[in-house]
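*Asks:* Could you put the whole structure together from the sequences, leaning on the hints where they help?
There are 2 protein chains.
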Amino acid sequence: MTDSTALLTDRYEYTMVDAAIQAGTAERQSVFEVFGRRLSGGRRYGVVAGTGRLLQAVADFRLTDDELSWLSDEHIVRRPTLDWLADYRFTGRITGYQEGEIYFPGSPILVVEGTFAECVLLETVLLSVLNYDSAVATAAARVVSAASGRPVAEMGSRRTGEWSAVAAARAAWIAGFSATSNLEAGRRWGVPTMGTAAHAFTLLHDTEEEAFRAQVAALGTGTTLLVDTFDVPTAVRRAVEVAGPELGAVRIDSGDLASQVAEVRAQLDSLGATKTRITVTSDLDEYSVASLSSSPVDAYGVGTSVVTGSGYPAAGMVYKLVAHQDDQGEWVSVAKKSSGGKSSVGGRKHAFRRLSDSGVARAEVLRIEEHGSDSHPAPKHAERALHVTLAEGGVPDPRWLGPEGTKLAREHHAAAMAELPPDAFRLSGGDPVLPTVYK
Amino acid sequence: MTDSTALLTDRYEYTMVDAAIQAGTAERQSVFEVFGRRLSGGRRYGVVAGTGRLLQAVADFRLTDDELSWLSDEHIVRRPTLDWLADYRFTGRITGYQEGEIYFPGSPILVVEGTFAECVLLETVLLSVLNYDSAVATAAARVVSAASGRPVAEMGSRRTGEWSAVAAARAAWIAGFSATSNLEAGRRWGVPTMGTAAHAFTLLHDTEEEAFRAQVAALGTGTTLLVDTFDVPTAVRRAVEVAGPELGAVRIDSGDLASQVAEVRAQLDSLGATKTRITVTSDLDEYSVASLSSSPVDAYGVGTSVVTGSGYPAAGMVYKLVAHQDDQGEWVSVAKKSSGGKSSVGGRKHAFRRLSDSGVARAEVLRIEEHGSDSHPAPKHAERALHVTLAEGGVPDPRWLGPEGTKLAREHHAAAMAELPPDAFRLSGGDPVLPTVYK
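Read top to bottom, the protein sequences are chains A and W.
Residue numbering for the first sequence follows numbering that gives the first Met the number 0, starting at 0 and increasing by one per position.
Residue numbering for the second sequence follows numbering that gives the first Met the number 0, starting at 0 and increasing by one per position.
For the record, the hints were derived by calculation from the structure and aren't laboratory data.
One or more hints might be untrue.
[Claimed, not checked] EDC-like mimics (lysine to aspartate or glutamate), calculated; alpha carbons at most 16 Å apart, straight line:
no.	chain 1	residue 1	chain 2	residue 2
1	A	438	A	382
2	W	379	W	356
3	A	274	A	245
4	W	336	A	382
5	A	274	A	230
6	A	336	W	230
[What the hints assert, rightly or not] A few chain W residues that don't get close to chain A, going by computed Cβ distances all over 10 Å:
no.	residue
7	73
8	88
9	123
10	197
11	243
12	248
13	257
14	308
15	384
16	387
17	406
18	430
Ideal Cβ placement from N, Cα and C applies to all residues, glycine included.
*Replies:* Quick look at the structure:
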């Protein structure tokens, strides 16, 4: 693993810079925007995540000598471009939606300004981070609302790439999960970590009882015992015998959860373990979590579905040039005009969320900037400006970075969710809960 | 980014080790197996990928001082466990399917042997790598067969986590893709890289013609020009005017591909550019690639679908304890017995592919080892043994590592695919093309 993020990118970013340097167009001031054309899967809203990570990726986008040598050996770019790359660091400005914010089709989630060459190089890594992290956060937010206040832990590390797992744990926490099983997410991003035990631990020991005794001896009676390795009622009885009625929790990872949970609750209560919680973890997603809402479940563990975006593992955001200066320094708005739903809207956008008098979100309002004019579009009455400055002169604002930035994103997410109208929380597919309007 | 992989794991792996050390069971010799209970999405076969990466992850699983301090500060494990972890390195044996091999439900893809503690710690990171890389390789193999010999390039880096993108490029190449857009995959794993240009490059220039001239000047007439930014017929005419009939290729990224491709081919031919190739890249998956089989497409670029496993982004493999020694040194086969389709089969398995006289694969044959006996199950007539030694004494066999190992995996994949019966290449959902039998 390397600290540099400079080659986590598509070859064409480098060859476009190479061609633009030769053509004399590489230094044209440009504006790129990141947006999603639609919300995947008929989702009612999307959640922006990855901002803190992508700002770090921008700061780490410096070419090492090894990377430069490889680009040279492979003849990917020519000598003048290699010289330019050797000194590369992004010096432009990044504004965008605060991490944790809600977004809708067309929302200008990120605005990247600088020369064409310095901005275009960042395309792939910015999109990789935003598309994955936002897909996870969007799925996670749906699970959280389906859980109706019960805690949900992210346990999906084994179901996604090993570094994506760290990002997923972070994104799920921003979207309201209570904890993760992923230790690196704890160390790197300050996400609270949790864990229970696996079937292997029970199977290692000569009896289930010995396994429970070993776990309670090491982790205390507050631990969570896994009760479905052999026979659930037998295991629940043993668990309470071993740990006493102060046993923290039992975990069920298989079977018909609704009936099992009811039976285990009754059995725990009959054994006097009325405060022992029940955690369920078997291939849950937002729909199965919702279906357990009338069961006496105390906590959920969600794995595969959240780290894979619950059917939509990439958020579908794109990075598009919307304006640039020409040789006379005049700004030109640009857009792809072609067929197939892939056209874009030229010009730099500013974004606002219009709220009702009682603070309920009503619309996503976009205004296109008149480049060169002094007056930037400003929020009107009952509008909240959605863009914040993320990096200036190429330097990320430290507020958004590291564990503190992650915590801030989680708080901002909760506040933004609280503005949404009730229809946002319908799990069924449909239209975005807010319209995106240009005005 | 850190070189250590030790915290890319679930907290419970560490707390199970903690409890087992205290209980005196941590050093019991154990056998864990990785297998998939089913093939996702009614796929006819699965493709093993990630082996070369996971062996590197095992070698890099050493706790740094920072990691140990964090585990201590967070009170995740106790002092004796921290001392044990400070010296941790895996010393056991790993056997398994050669990377690129085909697998079926129940195939023992990886067999990890050592003490319980040293093996259980590896669970999460091994599964993260195998589940993601195999999901990508399985999707990629289907695209390759749908493309019927036409080259397919992987271009999905922006649609998955930034490090998963590197792994995906590698997995897709193993499964028969011809190249990737991802530069780090080129540098790290020796995957051939390729690229064209983005709409932004056309939009940056004052006219499409200027953009084409700039690209051809830098990259030569063999380059691929993107012709769908404005009007396709106009762009095709300009492209041939600028580059001449020796133009390498044009790329179409939107619209109704079947009709566009036919029109562009006719236009290119009428302009004398009969050797100019047509590359298409618009949200393709195995089904849309197959539907273009009668179109004069020369090459495909596939992004989102391949890096997200074409609807199945995790292969669903699990890591299960199947045998361990007891305090008397006797081997005990173990298995989870619970309900809900999550039971497992105890005992260490050996795997063979039964072939017909003409070399066509007929069955996945598994035999359970009598632990302690000297005779290991051996291949019978017309069977191919599927397990190879991947690591011995904790040290990965260098054959499987790096660019050379990746190339070997690609070659092995092609050979294993050539054994499959024709039904394997049906894209529709159905049963695995080979039965898995215990005998």
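*Asks:* May I ask which of the numbered hints given earlier this structure violates, with the numbers listed in increasing order?
*Replies:* 4, 5, 7, 9, 10 and 14
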